[in-house]
Structures are given as C-alpha cells and as structure tokens.
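Q: Letter by letter, the chains look like this.
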Amino acid sequence: MTRVITVIGMLIITLSSCAVYKQPLRGTGDLAVIIEREQASILIADTSRQSIIKRINGFGDLSHASVVFSRDQRYAYIFGRDGGLSKVDLLTQRIDKRIIQAGNSIGGAISQDGKTIAVSNYDPGGVKLFDAQKLEIIADIAATPIAGKNSKVVGLVDAPGNGFVFSLWDSGEIWHLIDHDQLTKYSHVGINPYDGLITANGRYYLAGLFGEDGLVKLDLWHPEQGVSHILPDYAKDDPKMPVYKMPHLEGWASTENYFYLPGIGHHEVLLVNKQDFLVSRRIKTYGQPVFVMASPTEREIWVNFAPPNNDKIQIIDANTHQISKTLDAGKGVLHMEFTPRGEAVWVSIRDENRVDIYDTQCNCVIKSLPAHKPSGIFMTYRAHRIGL
Amino acid sequence: MAILFSISLQPQAQLTESKQQQLDNLLKHDCGSCHGINRNGGLGPSLLVSDMEKYSLESLAAVILNGLPGTAMPPWSDLISAEEARYLANRLKSTQD
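So the sequence lines, in the order shown, correspond to chains A and B.
Our numbering applies: residue 1 is where the first sequence begins, and numbers increase by one.
Our numbering applies: residue 389 is where the second sequence begins, and numbers increase by one.
Treat the hints loosely; a few may be bogus.
Claimed, not checked - Taking CB as the label site, the calculated pair distances span: (1) B:L436 - A:G148: 16 to 24 Å; (2) A:D181 - B:L456: 35 to 43 Å; (3) B:Y443 - A:K236: 53 to 61 Å; (4) A:H222 - B:E471: 49 to 57 Å.
What the hints contain is simulated information worked out from the structure, not anything from laboratory work.
Note that the Cβ used here is the ideal one computed from N, Cα and C, for glycine as well.
Can you build the whole structure from these sequences, using the hints too?
A: Written out as structure tokens, the structure reads:
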C-alpha cells in the first residue's frame, strides 16, 4: 500500500513538473499586445523573438481599443468600445477577468500606484474606477449633463498623486480627480476637447480642441493658475480641411526642447517650444497627422496620417526638423509603437493584414507578422510610464 | 413593382465588386473609428439599421457627402462620389454585419 502511494506521489510530481516544463519561466517586459479589432481578438507578441505567442478571442467590440499594463507587467487591461474591460494574464495567455462596465467607452488609465483602473465612457458619459485586481467598482463619476445626456469623456490619463485627468467633449471641461473623490473642475476650457495627454513627468496636461484652433494647458504643479489656451491662432488664416480621423495625442512626441503635435485639419506637424508653448515651426506633411511618435532616442519622429493618406509614414529628423524620409508603408497604417530603447518600431498595416517591424537604423522592414486587421500595438514598457 | 426594384438596385449595380469591398471596408473601419465598428456609436452617433429608418437614402447620402457643420462629421465628397455615398447609405439602411 505504502508503495502504491509512493508511486502515485511520484507520478503526481512528474506530471506537475511536466506542466511546468510545458510553460517555461519567462519575463513579460518584452511583450506586446496587438489589437485585431474586426474579429475582436488580441495577439500577444514577443518583441525580442519578434514573433506571435498567441491569439486570444472574445473581446466584444475592439474598435478604438487601448491597453494599459499592471506595474508587474503581467496583466494587460484592455478597454473596448462596448464598455468591455478585460484583464488578460500575459503569462498564461488567458482572460483573467472581463466585465462590461458601460455601454460605450473610449479607453482608460492605471493609477500611479497600480491599484486603480479608470475608464472613460461615452455612454453613460463619465469615468468609472475599478480595483485593478478584481475589477470591482470603486467609484462612478458622472460627467456634466448636456441636453439630458452626460458629456462624453475623452483624453483620460493618470496623474501624480494617484490622480486622473480627463476632458469632457460636450461640456468643454477638464476634470482633475485625486484619491477617488476629490474633484477639481475646470470649466469653459474650449469647444470640444477631443483628446488629452500628460507630459512624461506628469506636470502638464494638454487637451486638443476640435471646435476651435489650439490646445488647452493645465499645469498640475500650479493648478491654482487654471487652464490656459496655447497656440490659439497659429492657423487662423488657413482653411481647415475635413478631418477624416481624429488625431491622437496619447503617444505624442516630446524631445529635449520641443513638443511635436498633430495640426488638426492641416497637413502639418507643429513644432512647439517647451519653454514658452509657442509654435516654433509648422512642418508640412503628406497628410493630416494621426500619431506623432518620437523614438525613445528622441532622434526621429514618426508620423502616420488620416485617410486617404494612410499609406505612408514620414520621419522627421529632430536635428533639422525636416522630413528626412517618406516610407511607402502599405494600405491603412494605423499605429506605430517603438520598442523601449528604440531599435525597432512595430507598425500595424490594417488593410494588408500584417504588422511590420522596422529597424530604425535602416528604416527598413526586417520582419512582417501576420495579423488580422491590426490596429493598436501596446508594449509592456508602458507599465512604467506616466500617461501611458 | 419590378421597375421600382431595379431602380433601387441601380446605384450598386454600377459599382464594381472590388469598389464595393473598398466601401464596405471604409464603412467598417473609417466610419467605424467614430461610429463604432459595429455601428454602435462612439464619438459619433450609433448608425444601426433601426436608427436609420427615419432617414431617406438621399438625405443620408447628402450627410455623407456634405458632412454636418458644427459637428465632427466631415464632408466626404473629396474622397467618394455621389454614387458611392448612395451605396453606403443603402448599406446603412439595409445591412448590419
């Protein structure tokens, strides 16, 4: 009998070690999540081996989906358009938890301490806070009602002090939330703020305005000064073109002395001096910029464009502020994500069903990975960056 | 009745299959970036078939071509023809996928 028990015991040990060997120990600091929005799936990719690890299905509506990561880089939080908030375990490649927290949503953020997930919602307009581990609701902040409907919330970012800052599209406000319940409201900031960003040090929150020229700036070191308009009239004499795709400010470019911002309704990137927030130069581009992303080296800025110009990428040289190269990237360039130290950039080519990996020395494609209508690409280094 | 039927199909009949696919892709992904890939809405309103009942095909096509001033809906007339706009309007009114 004892012998039987010993044999069974050894069998169990052998089987469990097999399970361990099946999934070898690994880190998650070099992983990426790629959104495949049409079929509501994600790909988990290894950016060191430049390969796809696994596809996971079942995310509802992933149009305009975005991702933030837990500070241990093990979990990805995926924000879907349909109000879906999913927590994915990147190690086991499984959905750990998934909730539908609203009817219509537009992205989210994770708090400075990593304990709280915030989601910005269109319907019902507002922000909801969740415990990052269990996705249990902590707070529900309703946005200002306009004509019987809560204002849509955009441009939600995390801020120092375990805070969050976000903009209200319909009511033209910026709200700063600290500790789940201390809310500071800045009203009449401008017409239709469409997106927001926070500088990497967490000091300035900038919101782009759709309904008028320019941006709004909030200095979180001096909140008593309120919000101020920047670049209000840089293009007042130029006709504004139809905007076929809203630019994104998240993932925007900042170098030593300048911000690079998309000129909404214009074929240009704005070079803005960090000291005085004035436009230093208007860099003419191939189309209306959507993403303006600086390499981690700050040497180059990569720009993609709204339809019908979403087939090319332009590279701006940070030394000369000139376009140094135009790449025929393929149809439907949607997103670009640099690796943490910038040796490569991953580019989603939606209409050609692939993600191209560019070497940033030669600016040439070194590998293509098949993906179904890929859109956003999110690497786990974001876990340790304010505002991402 | 047969005549009416053929007239309503006419705008699509003149577009090649590959053009129709392009427009379907545009509807799903580019219109979808504001209205949702499943047309459930987003920054722009939802465009479900049930939402479209109250609009005529021609008025929908006109909104697509001319946009809605004062909102984020741009005029698409630089990129698509009147016939293509009618195709999209017809898709909005008739199909949900």
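Q: How does the Cβ-Cβ distance of H222 of chain A and E471 of chain B compare with 49 to 57 Å: does it lie in that range?
A: For E471 of chain B against H222 of chain A, whose Cβ atoms are near 56 Å apart, the range 49 to 57 Å holds.
Q: At the C-beta level, are L436 of chain B and G148 of chain A separated by a distance inside 16 to 24 Å?
A: Given about 20 Å between the Cβ atoms, the range holds.
Q: Quick one: are Y443 of chain B and K236 of chain A within 53 to 61 Å, going by C-beta?
A: Violated, at about 35 Å.
Q: Go ahead and decide if the range 35 to 43 Å is satisfied by the Cβ distance of D181 of chain A to L456 of chain B.
A: 38 Å, holds
The structure shown violates just one earlier hint, number 3.
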